[in-house]
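Q: Take 6 as the starting number for the sequence shown in our numbering and just add one per residue.
Since the hints were derived computationally from the structure, they do not count as laboratory data.
Quick reminder that beta carbons are idealized off the backbone N, C-alpha and C, glycines included.
Each pair of labels, with its calculated beta carbon distance range:
| hint | residue 1 | residue 2 | range |
| --- | --- | --- | --- |
| 1 | 90 | 304 | 31 to 39 Å |
| 2 | 169 | 365 | 50 to 58 Å |
| 3 | 52 | 446 | 29 to 37 Å |
| 4 | 453 | 380 | 19 to 27 Å |
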Amino acid sequence: MPEAAAALQRAIASGARIAQHLPGPVGGLGVYFRAQREIAEDPQGAPWREDADRLLGLADAALARGRVDPALRWFDKALRVSFHGSLHQSGSSPLAADPEAFLRPVRLSRTGRVMLPDERGIARRPHRPAPRERGDGPARLLVVAQENWTFIRPLLDALAERTDVEIRTLDVDDLAAPGFADRDRILRARYDALQGGDLLATPPELADGFEWADVVLVEWAHHVLTWITLLDRAPRRLAVRLHRFEAFTPFPLFTDASRIDRLLYVSPPVRALLCRLEPSFEEVPAEQVGNLLARGLGAEPSPRRDPHLLVQVGWLREIKDVLFSLDVLARLREQDARYRLRLIGPGLPADPGDDTPYQQRVRARLRTVPDGAVEILGRREDVPALVAEAGIVLSSSRHEGTHESVMEGMAAGCAAVVRDWPETAAYGGAGSIYDSRWVVADRDAAVARIRELAEPAALAEASRAARQFAVVQRDPESVLARYARSLELGELHDAR
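Please take these sequences and the hints and turn them into a complete structure.
A: Below, the structure is given as structure tokens:
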């Protein structure tokens, strides 16, 4: 960070620490900015609950005086603290651990009772286009998202080739006025819809899209979906695709799930968590779908692989819990020093002074590892080849949606050893995605399973089963057929 920017950050932090002790809004702003910084630096040690409670108190005081906009702004600041990404991407998410306890202060606050009433639906119904006579014409699919099209683009391209469908896409950032509502306007629109039935005006481009499409698919179930369910117009059918990220934002709480006709989800534990957070989603017809593997299934893997080489793709973030992997490696090497761990993906900061507390622990632990036991490769373009050399792909995470790199490793013929991600265990765990034979409860079970796979016949059978599982789960034909069925796009036909 340039020195001028660093100096500014220090000045803001110093000002926030002083201001937080003042009464009223000035003190609230000090709390908010200090909380943001502390959570980012040390999520496990930050007093985020107390900070969120103080901000909720300011929201409630403003609402009691009839000052709705300031109340909603303080309410949003409390949400930003409680749902700060570092809290839920670190070692232990308080939301995943106990959703009811996590949300209780928000729900019981005066503002929360207004914004999250027991009756979740919004009384006023939006205008919906009349049913369209398709005849022999193609189905029409409109896909709506904001900026992040990474996962959906390959699916749309493949569906365009394999189904009789017209596909249009709309990025909400490209809308002309009145355009896409920012976060403040979305919360105010939620308040207005609940209090008086007022809905937001639908931007003309989106209204035209609703009239044109047989089905509208919203990619990501976050603020864009919340906004669409607050508009005065609706599509003929509304579908949404849920990933892991959205369940750790507040927006599902403010989404009128009764407006959704189909929920597509990639991870059973994530859907289960979503329904715990917002039970109205249980009523939405749902279907599990998959992603196309980013690099495809690849060729039939070679049987030549190192049974003592473990590979992990993505390891820097605390939620990936590489310390679990290093513990497993150390225990394996107590009996056989041939075991090695290959780490692929972004590494620790170049300057140790930039480490988070967790990264300090990882750096210290890596200094104790014998030379050659851990191979840190950083970002690489040849990931499939690097993974294919290993005997085992390892997942050590505390929480995942599907852990795509594990599926990619299995496609390359690696046997999988998947920790039963602790923060998903109450929602079905890794065993709801992967075969229970490959899911291990703890470090001891991981070590025992890896030692079993050192026997050539056992590794060969596990490698064959892993490849077969990846082919069945991520065969493009099966993946696309499920999307076509869920979105009512018709049958797949031969590739053109």
